[in-house]
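2 protein chains.
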Amino acid sequence: MKSSTRGQELTQSPIRSLIPFARKAKENGIEILHLNIGQPDIPTPEAALDRVRSLHDEVIRYGASEGMLSLRKRVCQYYSKFDIDIDTSDIMVTTGASEAIQFSLFSCFDPGDQIILPEPFYANYLGYTQMSGIQIVPVTSTLDEQFELPSTEAFYNCITERTKGIFLCNPGNPTGKLYSRESLIRLAKLVKEENLFLIVDEVYREFCYDGDFYSVLNIESIRDNVIVIDSISKVFSSCGARIGYVATRNKTLKNSMLRYAQLRLCPPHFGQILAEACYDACDEYLPDVKKEYNERRLYLYDRLSNMPGVKTYLPPAAFYNVVELPIDDAEIFCKWMLTEFQLDGKTVMMSPCDGFYINTSLGKKQVRIAYVLEKDKLSLAMDCLEAGLVAYNKVHQLAQSGQANA
Amino acid sequence: MKSSTRGQELTQSPIRSLIPFARKAKENGIEILHLNIGQPDIPTPEAALDRVRSLHDEVIRYGASEGMLSLRKRVCQYYSKFDIDIDTSDIMVTTGASEAIQFSLFSCFDPGDQIILPEPFYANYLGYTQMSGIQIVPVTSTLDEQFELPSTEAFYNCITERTKGIFLCNPGNPTGKLYSRESLIRLAKLVKEENLFLIVDEVYREFCYDGDFYSVLNIESIRDNVIVIDSISKVFSSCGARIGYVATRNKTLKNSMLRYAQLRLCPPHFGQILAEACYDACDEYLPDVKKEYNERRLYLYDRLSNMPGVKTYLPPAAFYNVVELPIDDAEIFCKWMLTEFQLDGKTVMMSPCDGFYINTSLGKKQVRIAYVLEKDKLSLAMDCLEAGLVAYNKVHQLAQSGQANA
Numbered sequence: 003m004k005s006s007t008r009g010q011e012l013t014q015s016p017i018r019s020l021i022p023f024a025r026k027a028k029e030n031g032i033e034i035l036h037l038n039i040g041q042p043d044i045p046t047p048e049a050a051l052d053r054v055r056s057l058h059d060e061v062i063r064y065g066a067s068e069g070m071l072s073l074r075k076r077v078c079q080y081y082s083k084f085d086i087d088i089d090t091s092d093i094m095v096t097t098g099a100s101e102a103i104q105f106s107l108f109s110c111f112d113p114g115d116q117i118i119l120p121e122p123f124y125a126n127y128l129g130y131t132q133m134s135g136i137q138i139v140p141v142t143s144t145l146d147e148q149f150e151l152p153s154t155e156a157f158y159n160c161i162t163e164r165t166k167g168i169f170l171c172n173p174g175n176p177t178g179k180l181y182s183r184e185s186l187i188r189l190a191k192l193v194k195e196e197n198l199f200l201i202v203d204e205v206y207r208e209f210c211y212d213g214d215f216y217s218v219l220n221i222e223s224i225r226d227n228v229i230v231i232d233s234i235s236k237v238f239s240s241c242g243a244r245i246g247y248v249a250t251r252n253k254t255l256k257n258s259m260l261r262y263a264q265l266r267l268c269p270p271h272f273g274q275i276l277a278e279a280c281y282d283a284c285d286e287y288l289p290d291v292k293k294e295y296n297e298r299r300l301y302l303y304d305r306l307s308n309m310p311g312v313k314t315y316l317p318p319a320a321f322y323n324v325v326e327l328p329i330d331d332a333e334i335f336c337k338w339m340l341t342e343f344q345l346d347g348k349t350v351m352m353s354p355c356d357g358f359y360i361n362t363s364l365g366k367k368q369v370r371i372a373y374v375l376e377k378d379k380l381s382l383a384m385d386c387l388e389a390g391l392v393a394y395n396k397v398h399q400l401a402q403s404g405q406a407n408a
Numbered sequence: 003m004k005s006s007t008r009g010q011e012l013t014q015s016p017i018r019s020l021i022p023f024a025r026k027a028k029e030n031g032i033e034i035l036h037l038n039i040g041q042p043d044i045p046t047p048e049a050a051l052d053r054v055r056s057l058h059d060e061v062i063r064y065g066a067s068e069g070m071l072s073l074r075k076r077v078c079q080y081y082s083k084f085d086i087d088i089d090t091s092d093i094m095v096t097t098g099a100s101e102a103i104q105f106s107l108f109s110c111f112d113p114g115d116q117i118i119l120p121e122p123f124y125a126n127y128l129g130y131t132q133m134s135g136i137q138i139v140p141v142t143s144t145l146d147e148q149f150e151l152p153s154t155e156a157f158y159n160c161i162t163e164r165t166k167g168i169f170l171c172n173p174g175n176p177t178g179k180l181y182s183r184e185s186l187i188r189l190a191k192l193v194k195e196e197n198l199f200l201i202v203d204e205v206y207r208e209f210c211y212d213g214d215f216y217s218v219l220n221i222e223s224i225r226d227n228v229i230v231i232d233s234i235s236k237v238f239s240s241c242g243a244r245i246g247y248v249a250t251r252n253k254t255l256k257n258s259m260l261r262y263a264q265l266r267l268c269p270p271h272f273g274q275i276l277a278e279a280c281y282d283a284c285d286e287y288l289p290d291v292k293k294e295y296n297e298r299r300l301y302l303y304d305r306l307s308n309m310p311g312v313k314t315y316l317p318p319a320a321f322y323n324v325v326e327l328p329i330d331d332a333e334i335f336c337k338w339m340l341t342e343f344q345l346d347g348k349t350v351m352m353s354p355c356d357g358f359y360i361n362t363s364l365g366k367k368q369v370r371i372a373y374v375l376e377k378d379k380l381s382l383a384m385d386c387l388e389a390g391l392v393a394y395n396k397v398h399q400l401a402q403s404g405q406a407n408a
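If you read the protein sequences in the order shown, they are chains X and A.
So the first sequence is residues 3 to 408, counted in the working numbering.
So the second sequence is residues 3 to 408, counted in the working numbering.
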């Protein structure tokens with residue numbers, strides 16, 4: 003018996019290969035400052051945790067496949083904050099945004115279909131398209147253009163007879179980009195004309211520092227084309243609860259998604275309890291969280307801007323930044339930082355960006371930094387990066403001149 | 003934009019079509035006695051719920067993709083009860099048994115591969131094989147033979163060059179069957195000779211009343227062929243927690259499964275806390291649960307055996323029974339029970355069995371009864387079924403003689 007080809011070929015997360023080196027560094031007593039994963043460090047709303055602590059269920063039963071009605075009502079109410087007019091029947095609770103992505107891809111597309119996706123993109127999209135047999139056609143966005151949504155023409159040029167949808171992440175992971183209302187409405191015209199699905203992952207919607215968030219659920223002309231992915235993971239620091247949503251007004255699509263939802267029976271009960279309470283705590287909780295991330299963002303930008311040879315931009319949203327480093331290969335550099343470098347017993351772990359691109363060479367010199375550490379630690383992490391770059395390039399140049407001499 | 007063909011064609015649960023009629027009956031003030039779903043009514047271990055209530059996490063973080071180490075250790079310890087010698091690295095925590103099935107199918111098989119599955123089987127297996135593009139080749143087991151594991155020859159006759167595995171449910175849903183050690187070892191020879199994967203769903207392992215449970219993880223000769231699906235849902239009345247497991251010692255397979263696991267990040271945090279505490283409460287909790295189900299089982303068998311024209315057997319395990327009724331079409335009868343029948347304001351809801359077969363006609367006269375109601379209610383449910391059968395056949399015969407006279 004031979005295990006499946008698809009399983010063995012499924013692309014792994016780009017940071018996966020660094021984990022053994024991080025473990026070894028820890029074993030050697032090095033403190034690792036983790037800027038490599040999108041795991042918020044900010045406490046989950048205490049009131050929401052209290053709700054879970056005070057649960058009085060006698061039997062932890064199967065819930066509705068589409069999620070608790072009270073939670074779906076609460077999500078609709080929350081969406082009205084963004085002027086989104088949506089019905090409880092348009093919201094399905096999923097086991098994290100991951101499952102929302104899975105349900106969306108399986109319900110919209112058949113094997114062999116193509117979707118257009120701006121790169122760099124969240125690496126797990128690639129895994130889910132592989133799992134569902136869909137092909138990604140990348141359209142490139144660049145740091146030089148501050149990861150602006152590619153032009154309608156650029157999207158248009160990617161369209162083939164197999165194209166069935168466009169997939170965006172807004173605000174962007176790994177880019178920290180926020181797409182403007184205008185650019186989304188511009189893209190909507192193409193979506194409408196070409197009769198495509200438009201799937202948008204909006205899980206960072208609450209973290210917009212420069213400019214206002216605009217949801218594609220607001221674009222009336224493409225009501226039936228739009229699918230939005232959402233989650234409490236990032237907004238409420240609740241990644242482990244595994245609660246996400248998929249929102250669509252498309253009836254046929256909802257029907258298909260419900261079939262997939264019924265197959266896995268229901269989303270997690272405790273997580274749903276937590277989620278509902280998170281939205282209740284929303285107004286009190288979120289302003290401070292946003293303020294904290296914004297301070298880190300500005301601090302990070304300031305530090306990075308002052309490092310020689312480092313190219314970056316001030317990301318308007320989310321809690322990520324893509325940074326181009328004065329090195330040849332970010333994966334080798336990130337590994338070197340874990341295996342060969344320390345500054346006062348500390349080092350920093352980052353995500354090499356090649357895994358966020360289909361054209362992996364575009365991310366060769368880039369890393370993604372997630373500012374999920376408090377400012378004191380972020381400061382130490384930047385000290386490490388700055389000193390690490392100097393040390394690495396010294397070693398690297400010596401090696402090169404040694405090679406030149408040899 | 004047209005939603006996917008695979009999504010629209012995904013087979014739905016066999017009881018799905020009855021739900022609107024059940025809702026309507028409730029609206030009309032009828033009390034419905036639910037024997038239709040495998041949702042245990044017995045309380046979740048109180049000590050396990052207390053563990054969740056006393057959690058002190060500040061941030062609900064992503065956990066390990068393979069599940070909490072402490073939980074996996076606890077599961078290994080629990081497995082030693084069944085003389086299963088297994089390592090923590092062989093256990094992966096999943097979001098319910100559903101996800102364990104999904105990971106197993108995607109990791110073992112490629113689209114177009116065939117698996118042999120005794121029918122009747124748990125209906126969701128069909129959905130997951132469709133989702134993963136695998137073909138089920140059914141081998142029939144029958145009520146007349148007490149749903150005995152089909153002969154090696156019967157399995158052998160199903161093998162083609164595309165056959166890559168055998169999938170069993172033991173103890174059986176919907177059959178309540180328990181496969182003997184001998185029959186499993188007999189099948190293992192075929193598995194070994196033909197180099198197949200053997201996936202066994204053992205989620206009802208704790209509920210064996212006649213005979214001892216024997217896990218395929220105990221068969222040394224097929225160590226690398228075996229994948230076991232497990233879950234806390236049924237054993238600990240914790241369906242909503244969404245915690246399952248997949249256990250395999252096959253390294254290549256574990257590697258593939260981990261890729262799928264990483265893609266969805268991690269299993270639910272709170273559920274894992276509950277699960278660990280469930281195993282701690284195991285010895286105190288399970289004997290009473292088993293005693294309760296056994297009493298219901300015997301009562302149910304006694305009642306069914308005394309109904310004219312009803313064919314059944316005493317199921318040795320799980321909490322289901324497949325019952326053949328003296329009617330032509332179980333789906334029509336089950337619907338009739340919800341729309342046309344009541345006994346003192348009550349009626350009973352059951353699962354028609356056609357959805358548990360690939361050869362749907364085999365289940366035409368059969369229903370699955372889940373004994374997940376306390377004895378008083380079970381008694382009322384049997385009163386309804388008994389009276390319902392008489393009434394239905396009276397109406398039916400009148401209609402037929404009416405037709406004959408016409």
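Do not take every clue at face value.
It does not matter which identical chain is meant; a pair holds if it fits inside one copy or across any two.
[As the list claims (entries may be wrong)] Straight-line C-alpha distance at most 25 Å; calculated DSS-like pairs for lysine-lysine:
{"#": "1", "residue 1": "396", "residue 2": "348"}
{"#": "2", "residue 1": "366", "residue 2": "253"}
{"#": "3", "residue 1": "75", "residue 2": "26"}
{"#": "4", "residue 1": "26", "residue 2": "83"}
Because the hints were derived from the structure by calculation, they are not lab data.
Hint check results:
1. Within a single copy, residue 396 and residue 348 get their C-alpha atoms as close as 19 Å, which meets the 25 Å cut-off; across copies the closest is 83 Å, which misses it.
2. Neither within a single protomer nor between protomers do residue 366 and residue 253 lie at most 25 Å apart by alpha-carbon distance, with minima of 42 Å and 32 Å respectively.
3. In this assembly of identical chains, the alpha carbons of residue 75 and residue 26 lie at most 25 Å apart only when taken from different copies (23 Å versus 47 Å within one copy).
4. Taking the closest pair of Cα atoms, residue 26 and residue 83 never come within 25 Å of each other, the shortest separation being 47 Å inside a single copy and 35 Å across copies.
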